[in-house]
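Kindly produce the complete structure, drawing on both the sequences and the hints.
2 protein chains.
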Amino acid sequence: MAAIYDTISIIGMGLIGSSIALASKKYGLANHVIGCARTEETCQTALDLGLAERMETDPAKAVEGADLVILCTPVGTFKEIGTAIAPLMKPGATLTDVGSVKQAVVDALEDIVPADIHFIPGHPVAGTEQSGPTAGFSSLFKGRWCILTPPESNVYQPDIDEAEQALEKLKSFWMGMGSMVEIMTPTHHDLVLAITSHVPHLIAYNIVGTARDLETVTASEVIKYSAGGFRDFTRIASSDPTMWRDIFLTNKDAVLEMLGRFTEDLSALQRAIRWGDGESLYDFFAESRNVRRRVVEAGQDEDTPDFGRAHEDES
Amino acid sequence: MAAIYDTISIIGMGLIGSSIALASKKYGLANHVIGCARTEETCQTALDLGLAERMETDPAKAVEGADLVILCTPVGTFKEIGTAIAPLMKPGATLTDVGSVKQAVVDALEDIVPADIHFIPGHPVAGTEQSGPTAGFSSLFKGRWCILTPPESNVYQPDIDEAEQALEKLKSFWMGMGSMVEIMTPTHHDLVLAITSHVPHLIAYNIVGTARDLETVTASEVIKYSAGGFRDFTRIASSDPTMWRDIFLTNKDAVLEMLGRFTEDLSALQRAIRWGDGESLYDFFAESRNVRRRVVEAGQDEDTPDFGRAHEDES
Numbered sequence: 001m002a003a004i005y006d007t008i009s010i011i012g013m014g015l016i017g018s019s020i021a022l023a024s025k026k027y028g029l030a031n032h033v034i035g036c037a038r039t040e041e042t043c044q045t046a047l048d049l050g051l052a053e054r055m056e057t058d059p060a061k062a063v064e065g066a067d068l069v070i071l072c073t074p075v076g077t078f079k080e081i082g083t084a085i086a087p088l089m090k091p092g093a094t095l096t097d098v099g100s101v102k103q104a105v106v107d108a109l110e111d112i113v114p115a116d117i118h119f120i121p122g123h124p125v126a127g128t129e130q131s132g133p134t135a136g137f138s139s140l141f142k143g144r145w146c147i148l149t150p151p152e153s154n155v156y157q158p159d160i161d162e163a164e165q166a167l168e169k170l171k172s173f174w175m176g177m178g179s180m181v182e183i184m185t186p187t188h189h190d191l192v193l194a195i196t197s198h199v200p201h202l203i204a205y206n207i208v209g210t211a212r213d214l215e216t217v218t219a220s221e222v223i224k225y226s227a228g229g230f231r232d233f234t235r236i237a238s239s240d241p242t243m244w245r246d247i248f249l250t251n252k253d254a255v256l257e258m259l260g261r262f263t264e265d266l267s268a269l270q271r272a273i274r275w276g277d278g279e280s281l282y283d284f285f286a287e288s289r290n291v292r293r294r295v296v297e298a299g300q301d302e303d304t305p306d307f308g309r310a311h312e313d314e315s
Numbered sequence: 001m002a003a004i005y006d007t008i009s010i011i012g013m014g015l016i017g018s019s020i021a022l023a024s025k026k027y028g029l030a031n032h033v034i035g036c037a038r039t040e041e042t043c044q045t046a047l048d049l050g051l052a053e054r055m056e057t058d059p060a061k062a063v064e065g066a067d068l069v070i071l072c073t074p075v076g077t078f079k080e081i082g083t084a085i086a087p088l089m090k091p092g093a094t095l096t097d098v099g100s101v102k103q104a105v106v107d108a109l110e111d112i113v114p115a116d117i118h119f120i121p122g123h124p125v126a127g128t129e130q131s132g133p134t135a136g137f138s139s140l141f142k143g144r145w146c147i148l149t150p151p152e153s154n155v156y157q158p159d160i161d162e163a164e165q166a167l168e169k170l171k172s173f174w175m176g177m178g179s180m181v182e183i184m185t186p187t188h189h190d191l192v193l194a195i196t197s198h199v200p201h202l203i204a205y206n207i208v209g210t211a212r213d214l215e216t217v218t219a220s221e222v223i224k225y226s227a228g229g230f231r232d233f234t235r236i237a238s239s240d241p242t243m244w245r246d247i248f249l250t251n252k253d254a255v256l257e258m259l260g261r262f263t264e265d266l267s268a269l270q271r272a273i274r275w276g277d278g279e280s281l282y283d284f285f286a287e288s289r290n291v292r293r294r295v296v297e298a299g300q301d302e303d304t305p306d307f308g309r310a311h312e313d314e315s
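As you go down the protein sequences, you meet chains A and B in turn.
In terms of this note's numbering, the first sequence has 178 at position 178, counting the first letter as 1, and numbering is strictly consecutive.
In terms of this note's numbering, the second sequence has 43 at position 43, counting the first letter as 1, and numbering is strictly consecutive.
To be clear, the hints were calculated from the coordinates, so they are not data collected in a lab.
Quantities reported herein were computed from a predicted structural model and do not represent experimental measurements.
From the three backbone atoms N, C-alpha and C, an ideal C-beta is built for every residue, glycine too.
Relax, there's no trap hidden among the hints.
With the Cβ distance kept under 8 Å, some of the chain A side facing chain B (calculated, not the full set): (1) Arg144; (2) Leu191; (3) Leu202; (4) Thr216; (5) Lys224; (6) Ser226; (7) Asp232; (8) Leu256; (9) Leu259; (10) Tyr282; (11) Phe284; (12) Ala286; (13) Val291.
Have a look at this one:
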């Protein structure tokens with residue numbers, strides 16, 4: 001595939017940043033990759049892994065001349081980094097991110113980004129519980145959806161055609177890494193992710209905490225017998241704590257809304273257990289199997305990433 | 001390995017029953033395997049798969065002459081099946097089960113089982129979300145714990161030495177399939193499993209239900225973006241509904257106790273989100289990583305079954 005961008009700048013070399021570096025190189029999507037990490041140590045690791053041709057600890061130095069800048073740091077850092085890089089970005093370049101919340105990203109950056117920069121927030125719905133520059137792999141985005149939330153109205157864009165071209169280029173970049181791309185508003189994104197990702201992570205963290213605090217069951221018993229289901233929650237609950245703190249702080253309303261529904265529903269199940277209502281329990285459990293079947297059919301099960309689907313979507 | 005039992009009878013050919021059939025054959029733990037399933041169709045499937053040399057639809061016919069009878073049907077069926085098979089079991093034989101709750105099994109069977117039968121309830125903490133006779137595989141129990149809950153006092157046993165020998169034989173049988181064996185009381189088992197298995201399954205079923213009922217997020221969006229965490233819950237929530245109904249009906253007290261703690265803890269997290277208490281959230285999330293590390297170190301992660309450990313435990 002011909003390069004989509006001449007130079008890309010990846011700010012933050014964690015799981016997602018390092019995976020973008022590897023995938024853009026593997027599929028020839030950029031001629032040059034510049035990276036940025038907070039510490040010299042991570043910069044060296046990234047260079048050793050061949051993730052970028054140049055690494056900087058100062059984001060401002062990493063974005064000069066880049067045609068695409070991708071923020072891959074925790075969302076809580078975006079305002080500071082955005083303020084530092086905005087004046088130095090190349091006119092006509094695109095600024096995107098991979099944050100798990102989107103309205104907060106718009107709020108943090110929309111007043112900072114100059115009018116001659118195309119600001120297109122994004123979120124690849126892909127990941128593992130691993131973090132850091134060594135965690136990345138080039139197939140992370142294959143068969144997974146990437147959600148882009150471009151500004152709802154183009155009236156403030158100096159050139160509508162140019163804005164549309166910038167969006168098309170960014171879509172091609174993600175599709176080149178194997179993703180399917182969907183466009184939605186930031187607020188709808190945040191609602192969808194609250195139920196499909198944020199609340200699931202919160203309850204996984206929560207059950208691990210509940211188990212940790214028990215007096216009647218020892219910690220070693222919890223570990224020994226974790227194969228009964230608990231281990232899956234420990235895996236989900238081992239994701240990067242800084243990233244998840246920022247997600248819950250910045251998607252508060254949608255998370256609290258979904259959490260309210262979750263606890264209401266849990267109360268109903270609790271009541272069915274207390275009253276021995278086997279029929280309700282059976283019906284409730286049986287219905288869940290259909291949802292699972294649809295997840296597997298959609299190729300979103302962890303064991304069935306399906307690269308072929310991504311390319312059918314390229315239109 | 002020399003056969004531990006001449007003839008074993010497996011009542012119920014689901015995931016666990018069929019895996020025991022395959023493992024006992026593979027490791028030469030029994031000379032003869034008799035199976036029992038509710039329908040002729042399942043019996044034929046089991047015979048086609050080579051799970052047993054004889055299949056019966058009537059449990060009473062399947063236990064005659066067996067040295068070990070293993071109940072692998074949902075716990076809700078045990079009283080009826082126990083009543084049917086008790087008079088026909090061979091004196092001196094062992095009756096065990098693989099149910100996910102243990103006090104309810106003792107309650108259902110202790111008055112039915114004749115004094116000349118060794119009744120040793122058991123629970124292999126192993127499984128997948130699959131069910132049925134085709135789901136079994138011989139390595140399911142490798143590196144996993146099997147909990148046995150023999151009667152607490154031996155005073156009612158006609159011969160204490162014989163009872164101890166029966167327990168040792170059953171332990172050897174599970175270790176022969178690659179398991180580590182632990183002895184505990186039925187009530188303690190139920191408490192441990194409530195937190196490591198039953199409540200995790202309940203909240204997985206619950207979040208799948210919450211997602212299903214949303215109006216603001218479509219079902220297809222839930223499926224499309226499930227890779228953000230939700231898909232793991234759909235997998236857990238696709239386990240056999242009859243089995244799980246019975247678990248919640250029969251381990252009510254321990255489940256309600258653990259669920260109460262879970263919801264209390266969740267309220268605290270909810271409050272931290274509402275008040276923007278990032279420090280508490282970070283600390284809570286960071287601690288979970290240690291639990292994950294210990295699960296992986298203990299070889300209980302799904303990707304790291306470690307057969308070697310099982311044999312170190314054989315003493």
